[in-house]
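2 protein chains.
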Amino acid sequence: MRTRVTDMFGIELPIFAFSHCRDVVAAVSRAGGMGVLGALYFTPEELEIELAWIDEHVDGKPYGVDVVMPASYAGADLGVDSPEDLVARLQGMIPDGHRAFVEALLAEHGVPPLSEHSEAGRVLLGWTDATARPQVETALKHPIALLANALGPPPADVVELAHARGVKVAALASTPRHAVKQVEVGVDVVVAQGTEAGGHTGEISTMVLIPQVVDAVDVPVLAAGGIGCGRQMAAGMALGAEGVWTGSLWLTVEEADTPELARQHILQATSRDTVRSRSWTGKPARLLKNAWTDAWESPESPGTLPMPLQFMLISGALRRISDYGAGELSTFPAGQIIGSMNQVKSAKDVVFELVEEYVDAIERLGRLTEG
Amino acid sequence: MRTRVTDMFGIELPIFAFSHCRDVVAAVSRAGGMGVLGALYFTPEELEIELAWIDEHVDGKPYGVDVVMPASYAGADLGVDSPEDLVARLQGMIPDGHRAFVEALLAEHGVPPLSEHSEAGRVLLGWTDATARPQVETALKHPIALLANALGPPPADVVELAHARGVKVAALASTPRHAVKQVEVGVDVVVAQGTEAGGHTGEISTMVLIPQVVDAVDVPVLAAGGIGCGRQMAAGMALGAEGVWTGSLWLTVEEADTPELARQHILQATSRDTVRSRSWTGKPARLLKNAWTDAWESPESPGTLPMPLQFMLISGALRRISDYGAGELSTFPAGQIIGSMNQVKSAKDVVFELVEEYVDAIERLGRLTEG
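These protein sequences, in sequence, are chains A and B.
Position one of the first sequence corresponds to residue 1 (my numbering), numbered consecutively onward.
Position one of the second sequence corresponds to residue 1001 (my numbering), numbered consecutively onward.
Bear in mind the hints are in silico, worked out from the structure with no lab data behind them.
Check before you lean on any hint, since a few could be wrong.
As the list claims (entries may be wrong) - Simulated pairs of lysine-lysine, DSS-like, Cα-Cα distance not exceeding 27 angstroms:
{"#": "1", "chain 1": "B", "residue 1": "1289", "chain 2": "A", "residue 2": "181"}
{"#": "2", "chain 1": "B", "residue 1": "1345", "chain 2": "A", "residue 2": "289"}
{"#": "3", "chain 1": "A", "residue 1": "345", "chain 2": "A", "residue 2": "289"}
{"#": "4", "chain 1": "B", "residue 1": "1345", "chain 2": "B", "residue 2": "1289"}
{"#": "5", "chain 1": "B", "residue 1": "1289", "chain 2": "A", "residue 2": "289"}
Start from the sequences and build out the full structure, keeping to the hints where you can.
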C-alpha cells in the first residue's frame, strides 16, 4: 500500500497504533505499521526508560510518541511553571463537596482507603503545559519519527522544535475547524477522530467527519474512531483518509499490560457499553460505561470539574478502586469497537488480519462495479 | 453496480432515498435508485393520494413505503383499536405539568396560541399499531416493491401480508441484536443505521455497527447514518453493506417540500448542530439542536413522556411554532451530514454525484494497493 503517509514515514502499512504499552508500540512498528507510545502516564524519567527500551526492540523501524497538551485547562493562566507548585495551587481549587462525593461513592462500594498518599506527578499527569513539555524534551532525545498531540493544536514552538529535529507532527481533530487550526501551526498529519473513538473525543462520527476534514486541509489525514477491522480500515480509506489511527484495538492484545479486570470487561462488552463522559478528566472522553460513569450522571452528582482538576480529584480513587478490585467502578477509555473485540491475539496477528481483511474488502468493492 | 439488493429489486443503483415528499421518491426511483415514502404524517386517505401520484410519475420503476410500527409504546396494552378512542385515552395520560411547561416555553418565545384545535389524526400520527395498520393496508393496494419499518421488528402478520403480495420487507436496526430479531420475523433487508443518522437512532456509529450487523445476519444489509456523498457510500459498501439508505440528504433538494425556514437552517448548520433527544417523540431521535431541544435538557424540564404521548403533547406547539415562524424553536429530524449540505440541487443530480464520487473513491482505493 502506498499513500503520502507511507512515503512520509517509510512504512509499509498506513496503520498507526496508539498504546501506553511499549511492547505493543514496538510490535506494531516491527510488523510494518507505526506504533505510537502514549506518554501521558509517565514521568520524564519513566518515559526515558520506555523509549530506550523501544529503541532496542523496534529493529530500526519508525515509531512515535503521543503527548497531551490541551489548548485550554484550569490553571493555564496561573503562571506557575513547576509541576509541584502547580499541583499545590490546583489542589486548592477542588471543592470539598466534590471530594465528599467521591468518598461516599467509594464507601458505597466498600472500597477501603489507601494507606499511602499518591505522588504529585501521578496526580497531574501530562495534562498541562508544565508537565507535558518535559515529556516532549525527553521524547525528542530519541530517534522518534512522529510527535502526536491530543486536545487541540500543539504550541507552535513545540512544532518548530520537532521539525528542527526532523520529527513530523500529528494532531487529533474532531471538527474540520480544529484541523484547519492545526495545519496553520504546522501540523504535518491530521488524525480526524470520530465520536466512536475511545478517550477524549468529539461529537461527529468518523463517517461524517473524515470527508469534511479531508476537504478542509491539504495534509494527509488519518481516520480514527471505529477502526478495528480491515473493513473499517477500507471504509476509512474510502472516505479519503491516507491511513488509519487505532487505539482501543490494542487493549486486549497479548503484549498489552492492560489490567486483567479491564481486559475481561472489554472482551465481554458490547458496543453499547461505552459512554462519552466528563467523569475521567473533565473533558468529554469515551469510557467503559459502568457504576462510575453512571454516578457522575446521577441526581446526586456535583458535576465534573475542568481539566486537570477532575483527574486530580479522582486519581487517588482510581488507584483505590484498582487495588481493591472494584470492577464495577473501574473506568478507562474505550471506543465502541470493543463490542467486536472478543479474542486475545498477538499484535502482529492483529496487523496481519487488518491487512488481509482490508485487501478482501477492496477486492469485493472492485467486483461490485464490474458486475 | 450489482449486489443482492439491486437483483432483489431490479434497480440499477443500490441507493435508497427515504423522504416524506412524493416528488423526491419518484425522482430517485426514476434516476435508478429506490425512493421510499415515509407514511408517518399521512392519514390513510392522504397516503392513497400520494401513492396514486407516485404510481403515475415513477415511470414503472420500483419504489417503497416506510411505516413506523414501534415494538413498544404507551397505550399498546389498552386494547383500544379505534384511533379516536385511543387518542382520548392517551390525552388523559399527559400530566398537566408537561402541558404547562410547553405553554411557558412558547410564551417565552412570543409564540401565540392557535385559533383552531388540532385534528386527532395529526396528534397521534402513524406511531401506533392502530394508526399504522391502515397505512400498511393502503400501501399494499399499490404496486410497491418494499415495505420498510422503523423502531423494531414489524409484526409477523404484517410481514406475511407483504410477502403474500410479493412485497419485500425492510427494517431499521441500531444493534446487531435488533437485526437478528428482524430476520427471525422474516425481514428481507436490514437497514443498519448508525447514531449519526437523523430521526430515531441508536448509540452505535455506522462505522462500528455495519460490520457487526453484516456478520450477524444472512440477508443483505443497507448502510444508513452518515451517508451523504459518494465517499460515504463507498465506505458503507466497504463495511460490507450491499446498498445505502439515505434520508437527511433529500431535505434540501429542489423537489423537497421542506419548509423554507428548515431548509435554511440545514444549509447553514455544521455537523455539531444536531443532538440525540427524546423531545420530539419520547424515543431518542437526532434533531436539529436549538432552543427547543435545549429547553428539554434544562433544569426546568419536566422530562419527556413515552411514545406516543410526547408527540401528542407537542404537536399543537410544533404547528404554532411553524405558523408563527419561530425558527429558534423549530425542531425536526436531521442527521450529522447536514454539515456538508450547503447547496440546493435536483434529486437527480444528487444521485448522479453520489455515483460519480463513489466510482472515483473505488478507483482511488484500487490505486492505493497497486502503488
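Quick rundown of the hints versus the structure:
1. B:1289 <-> A:181: 25 angstroms, holds
2. B:1345 <-> A:289: Violated - the C-alpha atoms of residue 289 of chain A and residue 1345 of chain B are around 42 angstroms apart, more than 27 angstroms.
3. A:345 <-> A:289: 24 angstroms, holds
4. B:1345 <-> B:1289: 24 angstroms, holds
5. B:1289 <-> A:289: 25 angstroms, holds
When each numbered hint is compared with the structure, a violation occurs for hint 2 only.
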